[in-house]
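Trainee: Each residue of the sequence shown is one higher than the one before, starting from 17 at the first, in the numbering used here.
Treat the hints as calculated values from the structure; they're not laboratory data.
Distance windows between CB atoms, simulated:
| no. | residue 1 | residue 2 | range |
| --- | --- | --- | --- |
| 1 | G85 | P409 | 20 to 28 Å |
| 2 | A34 | A380 | 43 to 51 Å |
| 3 | G316 | G376 | 20 to 28 Å |
| 4 | V277 | P110 | 21 to 29 Å |
| 5 | A218 | G427 | 51 to 59 Å |
| 6 | D306 | P463 | 50 to 58 Å |
| 7 | A34 | Q480 | 46 to 54 Å |
| 8 | P409 | E338 | 33 to 41 Å |
| 9 | A380 | E214 | 41 to 49 Å |
Straight-line alpha carbon distances no greater than 25 Å define the calculated DMTMM-like cross-link-like pairs of lysine to aspartate or glutamate that follow:
| no. | residue 1 | residue 2 |
| --- | --- | --- |
| 10 | K243 | D269 |
| 11 | K243 | D257 |
| 12 | K243 | E308 |
| 13 | K243 | D194 |
| 14 | K243 | E214 |
| 15 | K243 | E207 |
| 16 | K243 | D294 |
Beta carbons: idealized from backbone N, C-alpha and C, even for Gly.
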Amino acid sequence: MPHDPRPHVPHNPDVTPALPDLLVKDASLLVVDGERELPGGWVALTDGRVSAVGGPGGEPEARRTVSAGGRLVTPGLVNTHHHIYQNLTRSYAPAVNGSLFDWLTTLYPLWAALDEEAVHVSAYVGMAELLMGGCTTSMDHLYVHPRPHLIDAEIRAARDIGFRFHATRGSMTRSVDDGGLPPRSVTQTDEEVLADSERLIAAHHDPAPGALVRVALAPCSPFSVTKELMTATAELAERHDVRLHTHLVEDPDEDTYCQEVYGCRPVEYFEDAGWMSDRTWVAHCIHPDDGELRRLAAAGVGVAHCPSSNMLIGGGTARVREMRELGLPVGIGCDGSASTDHASLWMETRAALLLGRYRGGPTAMTARDALDMATRGSAQCLGRADELGHLRPGACADLVVWDLHEVALAGALSDPVEAWLRCGPARAWTTVVAGRVLVDRGEPVLPGLADALRDHARIARRMQAVV
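Let's have the full structure, built from the sequences with the hints guiding it.
Mentor: In structure tokens:
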């Protein structure tokens, strides 16, 4: 049972209990967590928390009731790796068929045009898309900083929406002039990065239970920052008790680079820099050898598995089954909006199911395994396994009612969870974050979305030089 941060109130039989704020009922199946499923279930939400769950009958009265209409209800999905700003350069033709390094060097000059307006608008649109795909919590890895206060702009978008958001202060300090990949225009000095990291933690990080906004520290990759910055960032995270994130062993070129520059493989460099800890989760983790995988597992390092990006870029994919068997926390990530080109965590969860079975055979991955990664595994990566990724009483009030068209579901009678990923496409019919309905009957309940889309089109056309 997760810790419930609310103060204990002694029972008084003369006081009528307050009504729940929201009741979601009439589910075909309510998935509470990986151990408990309730056919015909309901869930009551009070003060931003799950206050009760149950099966048919016994539903409490509530201030507002939402009928799931016989649909599947799950905990909200949790996105462990993303680059939201990249939705401004989706499917950019000159980059779509390149290797990872080709793709990066093509797009870095475009991203040098980012400013506060571009980041705020891209974040607003990206979070709307995440909500529509059943995501109620997302991190974002913003590592391009041609101008100041870009992360403040995306946090502002999250607060405008009411989205649960972990901003990660990304960084790059090794430009092409220093033997790295990015142009000087999108890099900073170590001192600038550390000072802004301190500022963002002080201004925005909320360590309280149920927080909507948290901050983590996230140098982009071993080949894009100095070792001194990697080490200093780990020390800063320890001092402020925030989490750490980076890309690790994503591409064979990364191994070659680390061998040439540092004289060791990326995981050894990562460990030597002070990052081998359960404070850390990494993106991709495709190319560790068996010994490195065991060392990562022993340290409690989490992994953000990004199946669509891995397949589209063609650099391989994480050994998810082996990782889970070793005890690594494994979550699901969308990855960049200019590599994956969408922000549907349902699509990523389905891709994880398919890719897991492709790699390991029909018993290697089930729909419940994939759902567990997208909920409890992802929450563990973000350090919030106590209150996210499940619907036990005391959890944050984040859930999704899923919709599949009746034509797509025709004949799917025996297992709603398997049908959820095997049939499709699915979309969020209702998405609830912190007890607030942000998607209703399949549509985002976001008053600023029309303006954001209009501004997004203007900025994207300018950035891509499309007349």
